[in-house]
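Enquirer: Listed here are the chains, written in short residue letters.
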Amino acid sequence: MNMEMINYKDDGQFCSGHVACAGCAEALALRVIMNAVGQDAIGVVAPSCSAVILGGHPMSSVKIPFIHGTLESAAASASGVKRALVAQGKPDTTVLCLAGDGGTYDIGLQSLSSAAERNEDILYVCFDNEGYMNTGGQKSSSTPLNATTGSTPTGKSTRKKNLIEILAAHRIPYIATTSPSHLNDMAAKIKKAKTIRGTKVIIVLIPCLPGWGVADNAAVKTARLAVESGVFPLFEVEGGLTYTMTKATKTQPINDYLSLQKRYRHLNDEQIAQIQQDVDEDWQRLTTRAIEADV
Amino acid sequence: MDDMQRSTLWTDALSENRLTGTWRNETPDYRNLPSPCLGACPVSGRIADWIGKVEKKDYRGAWETLVDNNPFPAIAGRICHHPCETACNRAQLDETVSICALERFVGDTALSEGWAFPAPPANAPAQSVAIIGSGPAGLSAAYQLRRAGVGVTIYESQDQLGGLMRYGIPAYRLEKSILDGEIARIIDMGVTVKLNTEITGAAGLQELRVRHDAVYLATGASRPKPLPGVDYDQPWVQDSADFLAATNAGQDCTLGAHVLVIGGGSAAMDVARTARRLGRKVTVLALEPEAMLPAQRAEVIEATEEGIEFVTGAMMQSAEPGTDGLRIRCTRVDFKRGTTRGAFNITPVEDSEFTLTADAIIPSIGQDADLSRWQDLLAGDGPVLKADASWHTGLDGVFTGGDVASMDRFVTQAIGMGKEAARSILVYIAPDVGAADAPADDPEAGFSVINTAYHPLAERNKPQNADVTARLGNFKEVQQSLDQSQAMTEASRCFSCGTCTYCDNCYFYCPDMAITKLDGGGYEIKSDYCKGCGLCVAECPTGAIRMQEDL
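Note that the protein sequences, when read in sequence, are chains A and B.
Using my numbering, the letters of the first sequence correspond one by one to residues 1 to 295.
Using my numbering, the letters of the second sequence correspond one by one to residues 1 to 551.
Simulated from the structure, these hints should not be mistaken for lab results.
Accuracy of the hints is not assured; some may be wrong.
Unchecked claim - The following residues of chain A were derived to be distant from chain B, with all beta-carbon distances above 10 Å:
{"#": "1", "residue": "M5"}
{"#": "2", "residue": "G17"}
{"#": "3", "residue": "A22"}
{"#": "4", "residue": "S60"}
{"#": "5", "residue": "E117"}
{"#": "6", "residue": "S181"}
{"#": "7", "residue": "D216"}
{"#": "8", "residue": "Q274"}
As the list claims (entries may be wrong) - Here are the simulated lysine-lysine pairs, DSS-like style, with alpha carbons at most 25 Å apart:
{"#": "9", "chain 1": "B", "residue 1": "K476", "chain 2": "B", "residue 2": "K462"}
{"#": "10", "chain 1": "B", "residue 1": "K56", "chain 2": "B", "residue 2": "K225"}
{"#": "11", "chain 1": "A", "residue 1": "K9", "chain 2": "A", "residue 2": "K191"}
{"#": "12", "chain 1": "A", "residue 1": "K9", "chain 2": "B", "residue 2": "K526"}
{"#": "13", "chain 1": "A", "residue 1": "K247", "chain 2": "A", "residue 2": "K194"}
{"#": "14", "chain 1": "B", "residue 1": "K194", "chain 2": "B", "residue 2": "K176"}
{"#": "15", "chain 1": "A", "residue 1": "K262", "chain 2": "A", "residue 2": "K9"}
{"#": "16", "chain 1": "B", "residue 1": "K517", "chain 2": "A", "residue 2": "K9"}
{"#": "17", "chain 1": "B", "residue 1": "K56", "chain 2": "A", "residue 2": "K9"}
Unchecked claim - Which bits of chain A does chain B cover? Going by a derived footprint, with three or more residues having C-beta under 8 Å, they are:
{"#": "18", "stretch": "61 to 67"}
{"#": "19", "stretch": "98 to 105"}
The beta-carbon is built from N, C-alpha and C at its ideal position, and this holds for glycine as well.
Modelling step: build the complete structure from the supplied sequences, incorporating the hints.
Expert: As structure tokens, then:
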């Protein structure tokens, strides 16, 4: 068989027995990230699915300590932890900050923006499942156009916020997107981010099984189609200006991606065409930037 | 304080104390399933297995897997009708895998490396089996029986072994050195051969029954079906089997410059293309319309390339010698396939008569088995010998197979029948030794269980044919072999349907770390933690895992 083998090493940094839903892609991503980050790290987690998966007091599913912060202040808490480590003479310890899209795009945006502006030395990972999924599935500013949520029962009327452009405007050293369908890419981006000093933000697309209406075994397939259709392109932004596509081709129309999800099943042809057009235009803009950066 | 204690000092316990396996109502089950190619293969060859070995450059291992079921990979790799390629799941993604060409590659490698079959046990065999006929069925049975340590004697009426493979298949499809090499390897296992020994009639068969523990009767179908209305005594008529036997033995063709071959099957193509190579102008006349010709499609295409003219959907009514050759009166026919194999109905189309000219005709409408010589002992079943599912004829200890016992007339089908009969014979002569495994009733690994995300589109390495101009005037092989790098890339196109390739996808895609990699290959589900989500099944590239309901 002519396939790419998955080759990151699982050192047991993320443990069985966590309470993520069966088939959860966020747990799958946590497995890769916790093993890529390694033992010399301290975590901060905003209220989110991750907080639930990591904890369940008094037990922990990870082998590094985590501070469970507030929804507004994850990046601020992480900044403080890092400065304390530096003061203790441990500047090489990674501070990993985890939050969902609610804690990143909406409620935690102010503290993330501040930390980024100060270029705090933290590795911030946003699990983007495009909504407040562990409170029953309300829309966030990351919810895409026309997707239904508990609070947008007929579909959201506005587009998904482009957080990457906001972050790029801060000119932080490293921003990347990654997907649970591309585990080698995910491990490589975490490892690369670990070697960079300053604020690093990695956005992971997490198809939420109950929130998006995806089958228990289909999170990876959905994430893969998001990448292959260009809905969720894989790329890096260095220094806020240098765009690099890590998967340079868009091979699928969006129909297969949409049809796997109940949150899109009300779409009419016109709406699908609109989404396709948006995806095509965004892809064009993004790849143009990447080409310009390459010159 | 060890590392583990230090690293978890800040928490009371790890989540491993929570057994999430209780959430589950389905469990992944690792089970290799038969691939569609295996299901289609007349010898039930484990195709996904041996192609996997080719990909790892383990040619010897691939050959050993191949010859488990078929001692003739170099022959089958040339002339098999390869139903495996039609069944191949990959055809639904881009193009079928060139299984037949890969088999030829492995078979040719074995011949050029001189690999031999393992010698059977040295002590004299306790039992012996007589095999009548050394075509593909007879030799396949001889091989399987000898491999199991049974003594084998082959009785062959001709002066060389091979049957149809030698006397019926021209060298441009199957080089004689290949045939000789693969037959010699079987004989070298210690098979006794009696050439020029025709077993005639009931008495001869009875004698063999006394002398041996069992008899395998595989005399083929060598009697040409007579074409009604043709006088075979005319000098301008030659029977197809005689023509092929003579030309395959290197004799020249004595027929005139323009030959009319009557028939649309593989044998007709062999006759036509042989005559063409001997410098004749050739016309093929067949009842079937072009698209329904029973010959393999590639043969018809290659024959057309070689300048053979086809007159299809028509039949001959009469042939008379005229001043400049034969005048052959024909009529168009309306051809309808019947309900049973080989059966058909034709209705001549009114006022559609036309005339062909030629110097000779070679009727080539198929061959019958000669059953008359066993008349008093063995029952017939229509045109073939009667046999039960184990290929037993009903006469104690006498088994049969191949063309004499079946209307499945491709070479590899005969090889498969020989294998099956050998198994039955082993059970018959030594019930405790030869008991066959019960056939598994696992479902086939169809296209729906293949995760095509892991199989990027890749162009097929098709075997190439020699240039048309280089083909005429000689009997050099038409089909060329794949080279090593083509074989490797072609092998990597195989999905390995239903076969675990130890790619570790299931292990890495488990969100619950509920799969253990076992030393020495394979995986085990941790029942304590598996939540039964099925991601491992969905992300298996080959369909070698399935979900089973917990009871």
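Enquirer: Are the hints correct? Go through all of them and say.
Expert: Right, here's what the structure says about each hint:
1. M5: Not fine: 6 Å to the nearest Cβ puts M5(A) too close to chain B.
2. G17: violated, 4 Å
3. A22: Non-interface label fails for A22(A): nearest chain B Cβ at 4 Å, not farther than 10 Å.
4. S60: Since the minimum Cβ distance to chain B is about 4 Å, S60(A) lies within 10 Å and the statement is violated.
5. E117: Fine: 31 Å to the nearest Cβ keeps E117(A) off the interface.
6. S181: Since the minimum Cβ distance to chain B is about 8 Å, S181(A) lies within 10 Å and the statement is violated.
7. D216: violated, 5 Å
8. Q274: holds, 27 Å
9. K476(B) / K462(B): holds, 19 Å
10. K56(B) / K225(B): violated, 48 Å
11. K9(A) / K191(A): Since the Cα atoms of K9(A) and K191(A) sit roughly 12 Å apart, the hinted pair holds (cutoff 25 Å).
12. K9(A) / K526(B): holds, 19 Å
13. K247(A) / K194(A): holds, 21 Å
14. K194(B) / K176(B): Given pair K194(B), K176(B) holds - Cα atoms ~21 Å apart, limit 25 Å.
15. K262(A) / K9(A): Given that 25 Å is the threshold and the Cα spacing comes to 35 Å, the pair is violated.
16. K517(B) / K9(A): holds, 13 Å
17. K56(B) / K9(A): The given pair, whose Cα atoms are some 24 Å apart, holds under the 25 Å limit.
18. 61 to 67: With 4 residues in contact (Cβ-Cβ under 8 Å with chain B), the coverage given for the stretch 61 to 67 of chain A holds.
19. 98 to 105: Per the Cβ count (0), the hint is violated.
Against the hints set out earlier in the document, violations occur for numbers 1, 2, 3, 4, 6, 7, 10, 15, 19.
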